[in-house]
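*Asks:* Protein chains in written order, with the numbering used here: chain A, 59 to 296; chain B, 59 to 296.
Honestly, I wouldn't trust all of these hints.
No copy labels: a pair is met if it fits in one copy or bridges any two.
As the list claims (entries may be wrong) - List of simulated lysine to any residue pairs, SDA-like, C-alpha gap at most 25 Å:
| no. | residue 1 | residue 2 |
| --- | --- | --- |
| 1 | K169 | W235 |
| 2 | K254 | Q173 |
| 3 | K198 | K292 |
| 4 | K198 | K209 |
| 5 | K148 | R256 |
| 6 | K272 | L293 |
| 7 | K278 | F259 |
Simulated from the structure, these hints should not be mistaken for laboratory data.
2 protein chains.
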Amino acid sequence: MRFVPDFIAQFFTKGSPLYKDLQTMLGFTPTNIALYELALCHRSNNANSTENNERLEFLGDAILGAIIGEHLFTKYPTKPEGYLTDMRSKIVNRKTLNQIALKIGLKSIMKFNEQDYYLRNSLIFGNALEALIGAIYIDKGYATTRTFLRKRILVPFVDIELLENIEVNMKNKLIGWASKQGKTIEFVVLEETMEKGRKRFTVGVLYEDEIIAKSMASNKKEASKIAAEEAIKKLELV
Amino acid sequence: MRFVPDFIAQFFTKGSPLYKDLQTMLGFTPTNIALYELALCHRSNNANSTENNERLEFLGDAILGAIIGEHLFTKYPTKPEGYLTDMRSKIVNRKTLNQIALKIGLKSIMKFNEQDYYLRNSLIFGNALEALIGAIYIDKGYATTRTFLRKRILVPFVDIELLENIEVNMKNKLIGWASKQGKTIEFVVLEETMEKGRKRFTVGVLYEDEIIAKSMASNKKEASKIAAEEAIKKLELV
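If we strip away everything but chain A, and leave its shape as in the complex, we get (with noise of 0.2 Å):
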């Protein structure tokens, strides 16, 4: 219990509805339910700003990119460290845990302004995800967080190549865009850098004679990709 506040641990109780919506959730029993309270508490609900979700947050997300990192080493044992990057940064990328968190009902079971309109359009749900994947570790260690994350996150809502895939997509439906108005895209590297002893390419998209958006990524078809869809963004055309 040391590490949650006292005032935490009364809403949550055996049996009531929320604990059974986490239980189920998490696809096991809880022992210290009261960690479990704190990670699904944003800031906006308690005036007194240290009993909150964001130390567990930190630890969540800290053990969330070792187990994504040890998912995609071990399931792609041939793939480049580049590849392995890039793919954990779109797995763990802000909007993405949102969108799971959402999906997995924890908006319902959180503890927040709810008054609050741009709260409840906010990516804290995402955030709480982290945090709740903390206090499952805290309760019962990296295997089970794991078998968790696993489970009950990657199998159902992560697709790696569907991940890989929506952006070669995006840079064909900027291509084909640009060809019905008459006008031509291409893609241009703009720089290579060294970072960490290895090489980083900005590429960006040349619309007419105009760059229009630019990213950096270890190999050139990952930085097209992200380019192409920061351009389509910015020419509004999602």
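Based on the hints, put chain B in the right spot on chain A.
*Replies:* Okay, now just chain B, sitting in the frame of chain A:
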């Protein structure tokens, strides 16, 4: 052996001096020696770029982040998230890791192009330390990796109080230096922004009427410290 290319596992052999050095460094007996070989193999050692430590470095970096995160979370139960984040980035800082790698003697058992002056003075040893952490994780699991990091890295080489105080001294050093010149140094908040729903402060070092360095952190004190360090570097007072 799945993650290890065939050419590896021919340098280190049980009982060889290199193997003994490795064993002393780790404090345990490696099972899959080839993994450690791979971790110590920089890309400059082999023309075939897939047979190097970069994938293991990716993994080790993630595992390191998680274990340091947990260590700080547990050691400082009342510190806010911002403090934990800042401390972790100081510890897993590339220069800090490289210094530790040199201190534990990693350079002498690494395989890299030793003719290359740039490499000899680069940060590839810290990267290899991360790869080594990845190898330990695959070979022995999370618990052994954590024990290795705590006993062999954190306790002997990472002094958190020192890391905190170094920058305090930097600030004093800077103010002292200016006062000797009959000039003034001030720390000014240049910007307050919101990131992930939290405040971030950009603090600048004002020397006479010029901002000579600036830095962003989750609190003003931390931002001032880092900005002071930057200023000291720029003024070449180190």
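*Asks:* Taking the hints in turn, state whether each one holds.
*Replies:* Structure-based check of all given hints:
Neither within a single protomer nor between protomers do K169 and W235 lie at most 25 Å apart by alpha-carbon distance, with minima of 44 Å and 50 Å respectively. Taking the shortest Cα distances, K254 and Q173 sit within 25 Å of each other only across copies (19 Å), while inside one copy they are farther apart (46 Å). For a Cα distance limit of 25 Å, the shortest separation of K198 from K292 qualifies neither inside one copy, at 44 Å, nor across copies, at 48 Å. With identical chains, the CA atoms of K198 and K209 are at most 25 Å apart both within one copy (16 Å) and between copies (23 Å).
For a Cα distance limit of 25 Å, the shortest separation of K148 from R256 qualifies both inside one copy, at 20 Å, and across copies, at 22 Å. With identical chains, the CA atoms of K272 and L293 are at most 25 Å apart within one copy only, with a shortest distance of 13 Å there and 34 Å across copies. In the homo-oligomer, the alpha carbons of K278 and F259 lie at most 25 Å apart inside one protomer (6 Å), although the nearest pairing across protomers, at 34 Å, exceeds that limit.
The structure does not agree with the numbered hints 1, 3 stated previously, though it agrees with the rest.
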